[in-house]
Amino acid sequence: MEFAFYLAAAVAVVSTLRVVTSINPVHALLYLIVSLIAVAMVFFALGAPFAGVLEIIVYAGAIMVLFVFVVMMLNLGQAAVEQENSWLNPKMWIGPSILVGIMLVMMIVALFASPVEGTITGELIDAKGVGVALFGPYVLMVELASMLLLGALVTAYHLGRDDTLRPARDMNESRQHLTRDHRGTRQ
Amino acid sequence: MNLTSSHLIALLPLMLVCVTVVIVMLTVAWRRSHFVSATLTVIGLNAALASLILVGQVAPIQVTPLVMIDHYSILYMAMILIAALACSTLAYAYLETLPDQRDEFYMLLGCSVAGGLLLVSSQHLTSLFIGLELMSLPLYGMAAYAFKERLSLEAGIKYMVLSAMASAFLLFGMALLYAESGTLSFTGLGASLANDALHSNWVVAGVGLMVVGLGFKLSVAPFHLWTPDVYEGAPAPVSAFLATVSKIAVFAVLMRLFSLAPATGDGWLHTVIALMALLSMVVGNLLALMQKNLKRIIGYSSIAHLGYLLTALVASDGLALEAAAIYLATYVATTLGAFGVITLVSSPYKGSDAGLLYHYRGLFWRRPYLTAVLTVMMLSLAGIPMTAGFIGKFYIFTVGVESELWWLVGGVVLGSALGLYYYLRVMVTLYLKSADEPERDAPNDWAQQVGGLMVLLLAALVFLIGVYPQPLIDLVQMAGIQMPI
Chain A
1 MEFAFYLAAA VAVVSTLRVV TSINPVHALL YLIVSLIAVA MVFFALGAPF AGVLEIIVYA
61 GAIMVLFVFV VMMLNLGQAA VEQENSWLNP KMWIGPSILV GIMLVMMIVA LFASPVEGTI
121 TGELIDAKGV GVALFGPYVL MVELASMLLL GALVTAYHLG RDDTLRPARD MNESRQHLTR
181 DHRGTRQ
Chain B
1 MNLTSSHLIA LLPLMLVCVT VVIVMLTVAW RRSHFVSATL TVIGLNAALA SLILVGQVAP
61 IQVTPLVMID HYSILYMAMI LIAALACSTL AYAYLETLPD QRDEFYMLLG CSVAGGLLLV
121 SSQHLTSLFI GLELMSLPLY GMAAYAFKER LSLEAGIKYM VLSAMASAFL LFGMALLYAE
181 SGTLSFTGLG ASLANDALHS NWVVAGVGLM VVGLGFKLSV APFHLWTPDV YEGAPAPVSA
241 FLATVSKIAV FAVLMRLFSL APATGDGWLH TVIALMALLS MVVGNLLALM QKNLKRIIGY
301 SSIAHLGYLL TALVASDGLA LEAAAIYLAT YVATTLGAFG VITLVSSPYK GSDAGLLYHY
361 RGLFWRRPYL TAVLTVMMLS LAGIPMTAGF IGKFYIFTVG VESELWWLVG GVVLGSALGL
421 YYYLRVMVTL YLKSADEPER DAPNDWAQQV GGLMVLLLAA LVFLIGVYPQ PLIDLVQMAG
481 IQMPI
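One line per chain: the protein sequences are A and B, in this order.
Read in order, the letters of the first sequence are residues 1 to 187 in UniProt numbering.
Read in order, the letters of the second sequence are residues 1 to 485 in UniProt numbering.
It should be emphasised that the hints constitute simulated quantities derived from the structure, not laboratory data.
Since the model is a prediction, treat every value here as computed from it, not as a measurement.
No residue lacks a Cβ here, since even glycine has one placed at the ideal position from N, Cα and C.
Hints may be right or wrong, so weigh each one.
Across the chosen pairs, the derived CB separations fall in these ranges [what the hints assert, rightly or not]:
1. A:Met64 x B:Asp445: 56 to 62 Å
2. A:Val20 x B:Ala179: 21 to 27 Å
3. B:Val450 x A:Val26: 47 to 53 Å
4. A:Leu153 x B:Thr398: 55 to 61 Å
5. A:Asn89 x B:Tyr358: 34 to 40 Å
6. A:Gln83 x B:Leu8: 56 to 62 Å
The whole structure should be built from the sequences, with the hints applied where relevant.
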């Protein structure tokens, strides 16, 4: 499976490079998803299916949700719709599609090539192995990682809090109020 | 892996600090009160400090293969907890009038302290990394705590971006070492690297990347560029925390890493670290000469002091452990005192901190005792006899001479001479006659507040260690690194 490893790794490097060089956040996110999928492929090729699946579910999945949220929050009217259209024009999909296509071809080859192209050498690390390690010698780290997340959360809350004093209203109304304000500053 | 009661006792300080954070969080969710949050934090930190006595009875003990609680870690845990207590008392006075929510600060402080406690007792690269992140991540928030102030926000963002870079370097270095040796524990690394692989290019690259990562966290030259900006921009209590707790923890774990996985072979690593030490001493002191901001001066001087400390790391035999511990203890007491005075002059919060030397012009004629404290701290940083700084520097000299590191000893001498100039410049400023009304001044009752009391105590301590260091030396001599079982 070495070819799968190197190919997926190359895809990951190329797409990550594009994440950094993209000027547009939405384009960068597209490439980020490709990069995460490629990293998942690397995990699969190395014989760590659990890590690969986690990479897809947590990272690619969570990033997708983030992506959706960003689009939702930027939904500010006709001007924004046009802007989004210009962001997501078909040309933009070519690059990520090619990269993902490479990986698709690679997977099909790996699955259906006969005789089997290559086998994964080395130990397979399954979900049970990961679980035993996490709740065996690494149990303290799991607990402390939660403290790490707590610290990050408190930091994000403190810095990201919007504390402009608004009269108490119900949430929807204040949201509309906010949207109107934003539109006001845009025009 | 079974955790018995003695394991739990060994983890008591860590658990108490984490529980404190959670309790403060729940209390804040119920009702916000700055006083209650601060008090709970101080109680929690004190309880953790007291629990070290219990831990001392079960130490040395290995809790999971990742963490080793021995007398060495107990000593550094005590230093971290005391420094954190000092910082939270300072923060209480400072944050009192911050036009923002104040309670989150104590949660962040608690998280960061927990990271420090883990770091000083880690004997595995995983716990090193998690500890380092747990310590630094809340620090981003703390540095940017007064984020309405442009400088504070800048400090937070600068620290976050550069620190993340450093973490990436560190992680990549670890990965390379793991690929080469197949183990992440300090002793395992030492054993497998001592055999044959030390000259392999991957090991050289891995160790080099780790040196970059840890060098950044210790802010030694040439990875020091962030230090003065962050020290200047962050609120004064946070600068104090950054200069003490994070330095203690990273240096302690570096020392343990060096003792358990010694870089033998042709010793290129020693040469690199010796060069970094020499560069830090020279660069730190030279750049401090022309600064006009007291916080920046202390920032640059911390670079130089870390350079002196690295001398002990380069020697890493004989007296080195003892010297490093004594130097760290004296440096921490002194830095806390100096930042304490800055905090008192800048508090209660009125916009950006009073960092400029101009603000301290003629402080003596308004606040003679506070000036005396700052003078003692400056003398101690310069390493004048009768202060704690002298004892620390004396130890570093001894180690340097004992290990025949003549270049480094020369660097310490040169650095001390340069240092004297700018420390004296600060002192002269304090005693000048100030013509106009002061813009910033400590509150009239500063000595009756906890922060003021703490600063006075620190001054007494610095003087006491300088005159009668034996108790500290006895304490430090008990703390040796325990080999893993």
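Subject >> Violations among the numbered hints, reported as their numbers in ascending order >> reply: 4 and 5
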